[in-house]
Amino acid sequence: MERSEQAARSTTVEETVWRQYARWLQRYLTRCLRHHDATNAHDLAQEVYLRLLRVDKGEPVRNYQAYLYRIASHVVYEFKLRARREIVSFDSEAVENWDAHPSSTSADPLGDHVSAERQIERALAQLRPLERAVLLLHKREGLEYSEIAQQLGISANMVHKHLTRALAALRAARWDL
Amino acid sequence: MKGEQSDNSSITQRASEWFFTLPKASADEQAAFGAWLKESPRHVEEFLLVSAAYRELEHASAETSAELESLRGELRARVVPLARHSSSPTTDSSKRADALGARAKFATRPMSRLSSAAILLGVTIAIGWWVYGKFLSGETYATATGELRSLELKDGSLVQLNTRSQVKVDFSAAARDIQLVSGEAAFKVAHDSTRPFRVHTGSAVIQAIGTEFNVYRRATDTVVSVLEGTVRVSNAPEHNQVLRAGQEIHVATNGALAQPEKSDIAKATAWRQRRLVFHGDSLAEVAAEFNRYNRTPQIRVQGELARSKPLAGIFDANDPESLVQFLAGVDDLKTEREADEVIISGRER
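Protein chains in written order, with this note's numbering: chain A, 1 to 177; chain B, 1 to 349.
You may find that some hints are simply not true.
Pulled a few chain A residues facing chain B out of the computed Cβ check, cut under 7 Å [what the hints assert, rightly or not]:
1) F79
2) K139
3) Y145
4) L167
5) A168
Note that these hints are calculated values from the structure, not bench results. Just so you know, even glycine gets a beta-carbon here, dropped at the ideal spot from N, CA and C.
So here's chain A without its partners, still in its complex pose:
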């Protein structure tokens, strides 16, 4: 009995951890990829994979997604820490980049920011209209499959198919990796 209570508690902890860290993780990956630092992204995946194999020998995992994000965010944190130790005082990883190419990053910050948004929009624009609509309704408006299906006059099954295809295409359009 105690064990099931404990298990229930640990799932909620996992969910919070997931919510808390997913944003962090996403930012890390985006940054690696924006600077074409594919090695970091590969290293991250490799390390996460190894830990996944190692830790999983104990209790069975109930929510692999949350579990994966948590491992990944720990690895990101350790990577950050390592980078930080090397330069003694605190600096986000941005510093290295600024030092290396001060002109390229600060030449036109307003333009840079606009261009990052544009890149996401360009990647979106490459999707088929129906796929784009399904994806945006799901993410931006947080609609359920049934609601999206009703709005667009397609079945819930098709919503799932279009979502899957749209996200895969978006990811492929975003990063050449």
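Chain B: place on chain A using the hints.
Then chain B, alone, in the frame of chain A:
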């Protein structure tokens, strides 16, 4: 080669499918997902990338919502003929109209259903709106905590709004006036010698012709920094200071102008990349800046020792956790968490 490529894209497809299956996955599916992850580090990487791509959609600008509207209209046009084949065409299409927004529905509703009282009310509102608009014409743009927003104005000028900021744009044939109601904004002004571009902050007017500058309206004063070109800052027609690129000026709330000084442009504009730059600023100031960008956690610094502690570094404005984790490693500081707050205080040795 070709085989590897198609292999990669099928892993992406699979990762994407898992991403949408997981929220409602059964225990068996969870186990299958775990097994899939353990098959290859490529699977792990692809799932992380797909997750990142999905989350990144948050950063697409507001225009996407407008696009979504038109897209939905487009799709409706395309799906309506198909829907005619369904068994209950009328309910189907009316439901869809409901979902497509109240505006269209309102237009199709017969006039007779509006009572005269409602018409009267409508007219009153319209007059009120017109009078209100006369005095407060122009469009208002605002950002929430942590939000960054870029606007392109009608003349081609760019405005970027920092967190918790508000501007009112009022363009006329004679001038381009912008009211910085609160917060901070950067301006990249399109050249138009016939219409001056002016930013009003309550205590001062900043006038520019074809230039780029940053205005930060704080509780204590307003800071104007010039990145490019020249601007004139004035608190009255006869009182003004001309600022050149690389200079900044502090304007007190009563309008008093300080002498222009050299500006740290990288610091003044770091916010546009969601960065915070500190060169020996006190921890109290650092915490205040982070709190400006993030609703939670709020960082509270207690005691003079901790409040005055100087700090240098470049931070991600949306990542207060990195500051907290950094401070946790500083020997003479103590960090505690309490609900949505992180309390930093000095530690006795």
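Find the hints from earlier in the document that the structure breaks and name them by number, from lowest to highest.
1 and 3
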